[in-house]
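**Student:** Generate coordinates for the entire structure from the input sequences, incorporating the hints supplied.
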Amino acid sequence: MFTQEQQLIETKIKEFCAANDIALAELKWQPIPFSGEWGFATSFFQTAANEARAGKGSKLPVPQKAQEIAEQVKAQIGSVDGISRIDAVKGYLNLYFSTSAYASRVVDAVLASRLDFGRGAAKDETVMVEYAQPNTHHSFHIGHARNTILGETLARLVEFAGYKTIRASYPGDLGLGVITVMWMYNRFYKGQEPEGVHERGQWLAKLYVEATAMLEKQENETPEQTAQRESYDAERREMYRKWDAGDTSVRELWRETREWSLEELRDVLEMLDVKIDVWFYESELDEPSKIIVDELIAKDIATDERSQGGAVIVKIDEKLGLTKEKYRTNILLRSDGTTLYLTKDLALAKVKFEKYHVDRSIYVVDVRQSMHLQQAFAILKLWGFPQSEKCYHLGYGFVSLPEGAMSARRGRVVLFKDVADEAVKRVMAVESEKSGDVPASEREKIAYQIGMGALIYSMLSVDNNKDIVFDINEALSFDGRTGPYIQNAYVRANSILKKAQVTSYELQGVRSTFEYELTKHEIELIEQISRFPKTVEQAANEYRPLVMAAYAYDLANTFHSFYHAVNVMQTENEKTRNARLQLVMAAKQTIENALRLLGIQSPDVM
RNA sequence: GCCUCUAUAGCUUAACGGAUAAAGCAACGGUCUUCUAAACCGUCGAUCUAGGUUCGAUUCCUAGUAGGGGCACCA
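The numbering of the first sequence is my numbering, which starts it at 19 and goes up by one.
Treat the hints as calculated values from the structure; they're not laboratory data.
There's no promise every hint is true.
[Claimed, not checked] For lysine to aspartate or glutamate, the following DMTMM-like pairs were computed, each having C-alpha atoms within a straight-line distance of at most 25 angstroms: (1) LYS224 - GLU440; (2) LYS435 - ASP485; (3) LYS333 - GLU407; (4) LYS373 - ASP354; (5) LYS308 - ASP262; (6) LYS484 - GLU555; (7) LYS308 - ASP335; (8) LYS293 - GLU372; (9) LYS373 - GLU440; (10) LYS443 - ASP622; (11) LYS92 - GLU55; (12) LYS141 - ASP377; (13) LYS293 - ASP99; (14) LYS182 - GLU143; (15) LYS368 - ASP318; (16) LYS208 - GLU228; (17) LYS408 - ASP481; (18) LYS224 - GLU281; (19) LYS46 - ASP99; (20) LYS141 - GLU372.
[Said to hold, decoys possible] Restraint-style ranges between C-beta atoms, simulated for each label pair: (21) PRO306 - ALA67: 54 to 62 angstroms; (22) ALA139 - TRP297: 38 to 46 angstroms; (23) THR21 - ALA67: 51 to 59 angstroms; (24) ALA231 - ALA458: 40 to 48 angstroms; (25) ALA67 - GLU590: 48 to 56 angstroms; (26) PRO420 - GLN24: 47 to 55 angstroms; (27) GLU407 - VAL107: 40 to 48 angstroms; (28) TYR374 - ASP304: 18 to 26 angstroms; (29) SER425 - ALA67: 53 to 61 angstroms.
From a predicted model like this one, the values you see are computed outputs, not experimental measurements.
Ideal Cβ placement from N, Cα and C applies to all residues, glycine included.
**Tutor:** Rendered as C-alpha cells:
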C-alpha cells in the first residue's frame, strides 16, 4: 500500500549509490519488526558484501560496513514527505511513517473498497483449478474434504488476485470399483436403497465394503466358498464387459447409481460453499483419449508395441532427450487397447487448453500422484502445448486416522458428513453457555458456520505437503489457533459497531482523522490490515492457502489484543472515538475478506 | 536400486538467505459490575547429525540418520 513512498526512497538510494560508486544490490523491503512504531525497512548487507568483494572502501566486516552505508544513505535522504523519522540500525534503514496520515490512508482504503479491499488488478490470464475428484459409488470422506477445501481456497485466492478463474471437478465414474458396487446392488439389494441423499450415498460405500469382503480370497476357504467367490467374481467381470460394450441395462444401472453419488457430492460441495463451474467425467474422456493415442503415435511421441503383444507406451526421458532417468516410461494403452488414467488426463488437458482456453492449470491432487502428473505434463510438452509450462500440481499430504490409513475397501473412513454433523452438535453444546444473544432461529445456522470454520481452518493451517492425522477433537477445537477464534474477532468488531449504532452513512465516506497519539495496539492493527493486499498476492502467486490462513489468524490475534487494550466505546474524545470506530470497521471488513478467501463464513454473533 | 517429501519447544504447527526463531495445545500464575472471557496478559520451553557455500544458514548444496510416498498395463 505504500509503493509511492517506497519508490521515492528507492530512487534516492540509487542516486546516492550511483554518485558514490557503490554497487547497490537489489532493494528488498520488509516491515520493521519488534516495533511499537510503524514503518518499513531495507538492509544493506548484500551491498556491503558486494563492496567488500570488490575490495572497495574500508575493510570493515560486512555488518559494520552495511551500517556505515545505512548511515550515509540516511544522511543523504534527508526528510521525506510522509516519513516521520529515519533510522540506521544494525545495517538496516528503518523508515517510520507519519502515523496519523498513514492510519487514515489505510482505513479509508478499506472503507472505500469494502469487499474488494485487497483485490488484485484484473489479469489477462485464465486459471483453471481442478479439485474435488472423488470416485462415484463411494462416499465423501475427510481426505476428500482436504482436497476440496484446499482447491476452493486456492480458486478463491487466484480469483481475488485478479485471474479469470474456472473451478473444475473431475469425478472418477468408471472402473472396477464402480462396477463392484453396481454388481453388489444388482445382485443383492436392487430396489432397497435408503431415502435421503447422504444415506444413499453412504450406503453405496457400504455395499463396496461388503462386496470386497465377498470377493476377496479368504484364508481357510472351503471348496464351496471358493467356488462361490469365483462365481461372484465372474458375474462382476461379466458386468464390466457389458458396461464396456455399452449394454443398455448395465449402462442404465450405472447412470442411476452414479447419479446417487453425484447428488451426494453436490450436496457436500454446497455445504462447503463450493460452486463448480465445469464438470468433467472420467467416462466422457475414455473415447476421446483413444483418438489422442493415435495422434501421439503418429507424432512419434508414443511407441506402439502392440504388434509384439505389448502396450502403447511413451518413453518420456528418451523423447525429451534426457540422459538421466527422470520421468521414465509410462503406458497410454494396455495391450488389450483400453485406456488408463494417464491417457484420460491427457485428453482432459487438451479440452482444458482448447475448449476453455486455460493458460494456467492447477491440479489439486494427492501428493502420491506426483510422478503421474509430472509425466502427464512432460507428455503435454512433447505434444507441443506451451501451457504445459504453467501446469502446476498442488500436492497435498495424506489424511490418515490415529488407527492408520483410511481404507474405503474396509470401510475404515471418517465421512465428511459425520464430522460436519458432529461439529454442529458440539458448537450447539457450547453455544448455550458461551453466548447469550444468539437468536434461536439462527442457532443452528451459526453453529454450522462455526463448526465448519473450525474444520476448514484445521485443514488449511497445515502446509499442504504435510500429512495430517485426523483427530476430530483437534479438528473441531474452538480454542486457540482456530477458525472460531478468527470468527470471534469478527463478532467482537461487529458487536462494538452494533453498540455504537454505527449505521452505514455516519462514518462511511467520511475521511478518517487519526489526529491523536495512537496506542501501540492501534498501530499494530492498522499495520496488519495494510498487509492484506500483499498477502493475497503472495498466497495466490505461490499457490499457498497456508499463507492466507496464517494471516487471518495474525489479524484476528492483533484485533483481540487491541480489543482488550483499547475500549472504543469509552473513548471520551469524540473525534478519537470516531476514528477508532472506523478502524474497527476496517478491521471487521478485512477479517471478513480474509475469512471469505478461506471459505469460512463470518457470523455476526456467536 | 532410483526418485521424491518430511525432520523446529513435551505435543501439533509457523518462519521472502538477514534484526531477539513465531504461535496454539499441555503446565503454571494473573485478568470479567466495563464494546461478548470462544478472549487477553505473563512464566516455562526448540532448529536431527556431519560437512560445505555465504559477510551471514532453520532456510541453499552434499552425505548420513529416522520416518512417509512413488517407480510400465490401478486410480
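**Student:** Each hint needs a verdict: does it hold in this structure or not?
**Tutor:** For each hint, the structure was consulted:
Distance restraint check for LYS224 and GLU440: the Cα-Cα separation of roughly 20 angstroms lies within the 25 angstroms cut-off, and the hinted pair is therefore satisfied. Taking the CA atoms of LYS435 and ASP485, the gap is near 21 angstroms; set against the 25 angstroms cutoff, the hint holds. Taking the CA atoms of LYS333 and GLU407, the gap is about 20 angstroms. The hint holds against a cut of 25 angstroms. Among the hinted pairs, LYS373 with ASP354 is inconsistent with the structure: their alpha-carbon atoms are about 30 angstroms apart, more than 25 angstroms.
A distance of roughly 14 angstroms separates the Cα atoms of LYS308 and ASP262; the hinted pair therefore holds under the 25 angstroms criterion. A C-alpha spacing of about 23 angstroms is found between LYS484 and GLU555, which places the hinted pair at or below 25 angstroms, so the restraint holds. With a CA separation close to 23 angstroms, the supplied pair LYS308 and ASP335 stays within the 25 angstroms bound. For the hint linking LYS293 to GLU372, the alpha-carbon distance of about 23 angstroms falls within 25 angstroms, and the restraint holds.
Under the criterion of a C-alpha separation no larger than 25 angstroms, the hint pairing LYS373 with GLU440 is inconsistent with the structure, at around 42 angstroms. For the hint linking LYS443 to ASP622, the alpha-carbon distance of about 20 angstroms falls within 25 angstroms, and the restraint holds. Distance restraint check for LYS92 and GLU55: the Cα-Cα separation of roughly 18 angstroms lies within the 25 angstroms cut-off, and the hinted pair is therefore satisfied. Distance check on the hinted pair: LYS141 and ASP377 sit about 11 angstroms apart at the alpha-carbon level, within 25 angstroms; holds.
Among the hinted pairs, LYS293 with ASP99 is inconsistent with the structure: their alpha-carbon atoms are about 47 angstroms apart, more than 25 angstroms. Taken as a hint, the LYS182 and GLU143 pair is honoured in the structure, with Cα atoms around 6 angstroms apart against an allowance of 25 angstroms. For the proposed pair LYS368 and ASP318, the alpha carbon gap of about 18 angstroms is at most 25 angstroms, so the pair holds. The suggested pairing of LYS208 with GLU228 holds, with an alpha-carbon distance near 15 angstroms, which does not exceed 25 angstroms.
A distance of roughly 22 angstroms separates the Cα atoms of LYS408 and ASP481; the hinted pair therefore holds under the 25 angstroms criterion. A threshold of 25 angstroms between alpha carbons decides the hint, and for LYS224 with GLU281 the separation of about 17 angstroms falls inside it, so the pair holds. Taken as a hint, the LYS46 and ASP99 pair is honoured in the structure, with Cα atoms around 21 angstroms apart against an allowance of 25 angstroms. Annotation: proposed proximity of LYS141 to GLU372 holds, straight-line Cα distance about 20 angstroms (limit 25 angstroms).
Taking the beta carbon of each, PRO306 and ALA67 are about 56 angstroms apart, inside 54 to 62 angstroms as hinted. The beta-carbon spacing between ALA139 and TRP297, approximately 30 angstroms, falls outside the hinted interval of 38 to 46 angstroms. At roughly 27 angstroms, the beta carbons of THR21 and ALA67 sit outside the given window of 51 to 59 angstroms. In this structure, ALA231 and ALA458 meet the distance hint of 40 to 48 angstroms, their C-beta atoms being roughly 46 angstroms apart.
Distance hint for ALA67 and GLU590: a CB-CB separation of about 53 angstroms, consistent with the stated range 48 to 56 angstroms. At roughly 49 angstroms, the beta carbons of PRO420 and GLN24 sit within the given window of 47 to 55 angstroms. Separated by about 43 angstroms at the C-beta atoms, GLU407 and VAL107 satisfy the suggested range of 40 to 48 angstroms. TYR374 and ASP304 have their C-beta atoms about 20 angstroms apart, which keeps the hinted 18 to 26 angstroms range intact.
SER425 and ALA67 have their C-beta atoms about 55 angstroms apart, which keeps the hinted 53 to 61 angstroms range intact.
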